[in-house]
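One letter stands for each residue in the lines below.
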Amino acid sequence: MQQLITTLLNGLTMGMVYAAFALALVLIWRSTRIVNFAQAPMAMVTTYIAMVLIEGGLNYWLAFILALLSGFVLGAFVERVIVRPVEGKSDINAVILTLGLFIVLHALAALVFGSDYKSFPAPFGVRGITVGGHSLAITPFGIFTIVAVIVVMLLLLLLFQKTDVGLQMRASAFNPEVARLLGVKVSSMLTLGWALAALVGSLSGLLIAGGNLVHPGYMDSVVVFGFVAAVLGGLDSPLGAVVGGLIMGIALSLVSGYLGSGLVSLAALLILVAVLLVKPGGLFSHASERKV
Amino acid sequence: MNRWSRKAALATSMVASAVLVASCGAGGRSESSSSDGAAAENVPGVTDTSVKIGAHFPLTGVAAPGYSEIPSGAKAYFDYVNSKGGIHGRKIEYIVKDDGYVPTNTTQAVNELVQKEQVFAIVGGLGTPTHSAVVDFLNSEKVPDLFVSSGSIKWGDKPSERPMTFGWQPDYEIEGKIIGKYIKEKMPNAKIGLYLQDDDLGADGAKGLKQFVGDQVVKEVKYTPGNTDVAPQIAALQASKADLVVGFNVPSYTALSQLTALKLNYKPKWFYTNVGSDPKLVGSLLAKFSKGAVKDGNSALDGIMTTEYIPGVDSADDPWVKLWTKVWDEQGKDGELTNYRVYGMSQAYAFVSALQASGKNLTREGIVKAIEDGGAKWKGPNKLPFRYSKDSHLGISGVEVVEIKKGIGEPLQDPMVTDLGDAEIKPDSGTAEQAPNESGLPDDIKGAE
Numbered sequence: 011m012q013q014l015i016t017t018l019l020n021g022l023t024m025g026m027v028y029a030a031f032a033l034a035l036v037l038i039w040r041s042t043r044i045v046n047f048a049q050a051p052m053a054m055v056t057t058y059i060a061m062v063l064i065e066g067g068l069n070y071w072l073a074f075i076l077a078l079l080s081g082f083v084l085g086a087f088v089e090r091v092i093v094r095p096v097e098g099k100s101d102i103n104a105v106i107l108t109l110g111l112f113i114v115l116h117a118l119a120a121l122v123f124g125s126d127y128k129s130f131p132a133p134f135g136v137r138g139i140t141v142g143g144h145s146l147a148i149t150p151f152g153i154f155t156i157v158a159v160i161v162v163m164l165l166l167l168l169l170f171q172k173t174d175v176g177l178q179m180r181a182s183a184f185n186p187e188v189a190r191l192l193g194v195k196v197s198s199m200l201t202l203g204w205a206l207a208a209l210v211g212s213l214s215g216l217l218i219a220g221g222n223l224v225h226p227g228y229m230d231s232v233v234v235f236g237f238v239a240a241v242l243g244g245l246d247s248p249l250g251a252v253v254g255g256l257i258m259g260i261a262l263s264l265v266s267g268y269l270g271s272g273l274v275s276l277a278a279l280l281i282l283v284a285v286l287l288v289k290p291g292g293l294f295s296h297a298s299e300r301k302v
Numbered sequence: 011m012n013r014w015s016r017k018a019a020l021a022t023s024m025v026a027s028a029v030l031v032a033s034c035g036a037g038g039r040s041e042s043s044s045s046d047g048a049a050a051e052n053v054p055g056v057t058d059t060s061v062k063i064g065a066h067f068p069l070t071g072v073a074a075p076g077y078s079e080i081p082s083g084a085k086a087y088f089d090y091v092n093s094k095g096g097i098h099g100r101k102i103e104y105i106v107k108d109d110g111y112v113p114t115n116t117t118q119a120v121n122e123l124v125q126k127e128q129v130f131a132i133v134g135g136l137g138t139p140t141h142s143a144v145v146d147f148l149n150s151e152k153v154p155d156l157f158v159s160s161g162s163i164k165w166g167d168k169p170s171e172r173p174m175t176f177g178w179q180p181d182y183e184i185e186g187k188i189i190g191k192y193i194k195e196k197m198p199n200a201k202i203g204l205y206l207q208d209d210d211l212g213a214d215g216a217k218g219l220k221q222f223v224g225d226q227v228v229k230e231v232k233y234t235p236g237n238t239d240v241a242p243q244i245a246a247l248q249a250s251k252a253d254l255v256v257g258f259n260v261p262s263y264t265a266l267s268q269l270t271a272l273k274l275n276y277k278p279k280w281f282y283t284n285v286g287s288d289p290k291l292v293g294s295l296l297a298k299f300s301k302g303a304v305k306d307g308n309s310a311l312d313g314i315m316t317t318e319y320i321p322g323v324d325s326a327d328d329p330w331v332k333l334w335t336k337v338w339d340e341q342g343k344d345g346e347l348t349n350y351r352v353y354g355m356s357q358a359y360a361f362v363s364a365l366q367a368s369g370k371n372l373t374r375e376g377i378v379k380a381i382e383d384g385g386a387k388w389k390g391p392n393k394l395p396f397r398y399s400k401d402s403h404l405g406i407s408g409v410e411v412v413e414i415k416k417g418i419g420e421p422l423q424d425p426m427v428t429d430l431g432d433a434e435i436k437p438d439s440g441t442a443e444q445a446p447n448e449s450g451l452p453d454d455i456k457g458a459e
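Protein chains in written order, with the numbering used here: chain A, 11 to 302; chain B, 11 to 459.
Please note: incorrect hints may appear among the correct ones.
To be verified - DSSO-like cross-link-like pairs, simulated, lysine-lysine; straight-line CA separation at most 27 Å:
| # | chain 1 | residue 1 | chain 2 | residue 2 |
| --- | --- | --- | --- | --- |
| 1 | B | K229 | B | K168 |
| 2 | B | K107 | A | K128 |
| 3 | B | K279 | A | K128 |
| 4 | B | K336 | B | K62 |
| 5 | B | K196 | B | K168 |
| 6 | A | K128 | B | K416 |
| 7 | A | K128 | B | K229 |
| 8 | B | K370 | B | K152 |
| 9 | B | K436 | B | K217 |
| 10 | B | K217 | B | K168 |
| 11 | B | K196 | B | K279 |
| 12 | A | K128 | B | K343 |
| 13 | A | K128 | B | K196 |
| 14 | A | K128 | B | K415 |
| 15 | B | K387 | B | K168 |
| 16 | B | K415 | B | K400 |
| 17 | B | K62 | B | K164 |
| 18 | B | K217 | B | K229 |
| 19 | B | K277 | B | K416 |
| 20 | A | K172 | A | K195 |
| 21 | B | K152 | B | K387 |
Hints in this document: simulated from the structure, not taken from any laboratory. Bear in mind that the values here come from a model prediction, so they are computed numbers and not experimental data.
Using the sequences provided together with the hints, build the complete structure.
See the structure below:
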């Protein structure tokens, strides 16, 4: 019983990290119809920025916020400078470009920050919480992770459903030409979409790093699991991404604890295949309305 | 287009160098049968004044922390030997290639060393998965593959299949046996949980351990290197009520297991393989999380049991450590002397002993024979003798069980020696207590001219 609770709680926190990452993928998908594979190394780079700042003596939370902002800027930069030239051409061009960027950022990070394991500090200490004599396998930072991702998801929902900017972003993604005719600055909306996505991606990077060891490849498994989570949720729905992330986190934690950690990646791919076979549009899709 | 032409160029150069190697090999054979006087002109990598050797290490990547320091230690000792005039008049030229702990890179690195650089031997190549990728190539090319930096038994248990390959450190199986016997005698009521890396390290270690305490093991978990989330594994150990966790794992996973145990409030007694227990490295990883939860650096691993087979930097009074300190002060580059550098120097010392024992007329077959004939009796920093013979190419024959106190391993019992399978475990009879020569070089067995 204790083991089950521990494994589930661990899955819950990991799931929230996958959810944040899936949210980032969904954001870019919603605004540009591109899956950004470079999301993981982009988040890794901003995590290293936070670590350098913290080691330099800066306040943890200030460094946290600066890292998120640098993610925002990095996202905008990547869209403007790197992805812009291939926008409007075949989608596959942009996807391959993000794969290339994945490798470049990896190599650069290894050069600049070194490729050793480094410890990333946690703001609240690393002991589990005790409730009524029973210790729960969740740290204060784990609770922060859960709250942070839920808040971000709600903010994004608000942005997309309730604000003009959100409406404009959706319009530019859905039909750029019509949106432009209606006076929407489509190119700015695309940049904003990438920047927001990179910010959320950075959040997932910082959340998984807190109280853990990091190295340039530490986000690589997250990109796979986060992608599956996003597809699980339909690639289009922020709520779907969060639910997908939670399902992935808990399922993979159970597989690792009860079947063996060697089967985790296999399990992730099986889930992906199963979803694509049974409900190709994902659990939360309303794709039929979009197919014209 | 560009890639094609590069591939073509690579293929051409590889064919060319293969032809070159083949012709060199042929020359070498006819030479060695005809003469004994002239110093082996046609042995690759060997001249009258130099011998060129190569190695592959992870200088970058996730396995780099710690391990990347090993070749800097070896280099310092080789430079020290060179400053004394070399061995039999030959100075040692040591080339290290980075493989990032990725087997495909190892293949490429070793190909370059053997075919382009024409090294005499590979010395100290690191890692089980990495070295496995090149061991057959080295044996089929008849390149001496000396003192592999890994405790897998496959480097030495079947010399007939891999005649050119020699292990160096104690293999994981005998370490597991000695740990198992210690637990059986001193902690017969412990409920053992095993925390294993999912490869030879975990499998060989568990095999040796279970020979003695198979009935005490209540749970066995494996982690996959690369996946840093070990909470499900530690949770399974906690649920099994194991009160002694024995880990056959690498240093970063020692840190991860300690962190995760804190999170789960799990407090068993820990026993790690010597591979994963470097107090300095693990302590520095854990220290950052301190905030009272983990004590500072060196004492982070206090009370943890592990094993040793060569004296480490903390035994400042040991004559070997004094020698290594002197070597590092004279020849070392940046940084301080660490246990990984001591490992590299100790291994380099074994290679220099082999060169010394091979005599003036250095050949690839000759050095293999010299190790088989005399290696078991060489003096060295290893607390226990090597097992080298015609029937075994396995390295150091045992370990000493220690408990870490303030970052220093304190012996819990005498060093023990044993061998694979059913071989008895017994206290070592007096190979320890050997001090190095005044010169810091191994004995000159055959006499330099």
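Hints versus structure:
Distance hint between B:K229 and B:K168 is unfulfilled; the C-alpha atoms sit about 32 Å from each other, more than 27 Å. With a C-alpha separation of about 24 Å, the suggested pairing of B:K107 with A:K128 holds against the 27 Å cut-off. Using a Cα cut-off of 27 Å, the hinted pair B:K279 and A:K128 holds, with the two alpha carbons roughly 26 Å apart. Note on B:K336 and B:K62: the hinted pairing holds, with a Cα-Cα distance of about 25 Å set against a maximum of 27 Å.
At most 27 Å may separate the alpha-carbon atoms for a hinted pair to count; B:K196 and B:K168 exceed this at roughly 34 Å. Taken as a hint, the A:K128 and B:K416 pair is honoured in the structure, with Cα atoms around 22 Å apart against an allowance of 27 Å. Straight-line distance between C-alpha atoms of A:K128 and B:K229 comes to about 30 Å, which puts the hinted pair past the 27 Å bound. As the CA atoms of B:K370 and B:K152 are separated by approximately 20 Å, the hinted pair is consistent with the 27 Å bound.
A hinted pair counts as satisfied when its Cα atoms are at most 27 Å apart, and B:K436 with B:K217 qualifies at roughly 19 Å. The suggested pairing of B:K217 with B:K168 holds, with an alpha-carbon distance near 18 Å, which does not exceed 27 Å. Restraint check for B:K196 and B:K279: satisfied, since their Cα atoms lie roughly 13 Å apart, inside the 27 Å limit. For the proposed pair A:K128 and B:K343, the alpha carbon gap of about 23 Å is at most 27 Å, so the pair holds.
For the hint linking A:K128 to B:K196, the alpha-carbon distance of about 37 Å lies beyond 27 Å, and the restraint is violated. As the CA atoms of A:K128 and B:K415 are separated by approximately 24 Å, the hinted pair is consistent with the 27 Å bound. A threshold of 27 Å between alpha carbons decides the hint, and for B:K387 with B:K168 the separation of about 21 Å falls inside it, so the pair holds. Note on B:K415 and B:K400: the hinted pairing is violated, with a Cα-Cα distance of about 40 Å set against a maximum of 27 Å.
Restraint check for B:K62 and B:K164: satisfied, since their Cα atoms lie roughly 26 Å apart, inside the 27 Å limit. Of the pairs offered as hints, the one joining B:K217 and B:K229 holds, with about 14 Å between alpha carbons and a cut-off of 27 Å not exceeded. For the hint pairing B:K277 with B:K416, the CA-to-CA distance comes to about 19 Å; that is within 27 Å, so the pair holds. For the hint linking A:K172 to A:K195, the alpha-carbon distance of about 19 Å falls within 27 Å, and the restraint holds.
Pair hint B:K152 plus B:K387 holds up; C-alpha atoms about 25 Å apart against a cutoff of 27 Å.
Of the numbered hints listed earlier, those contradicted by the structure are 1, 5, 7, 13 and 16.
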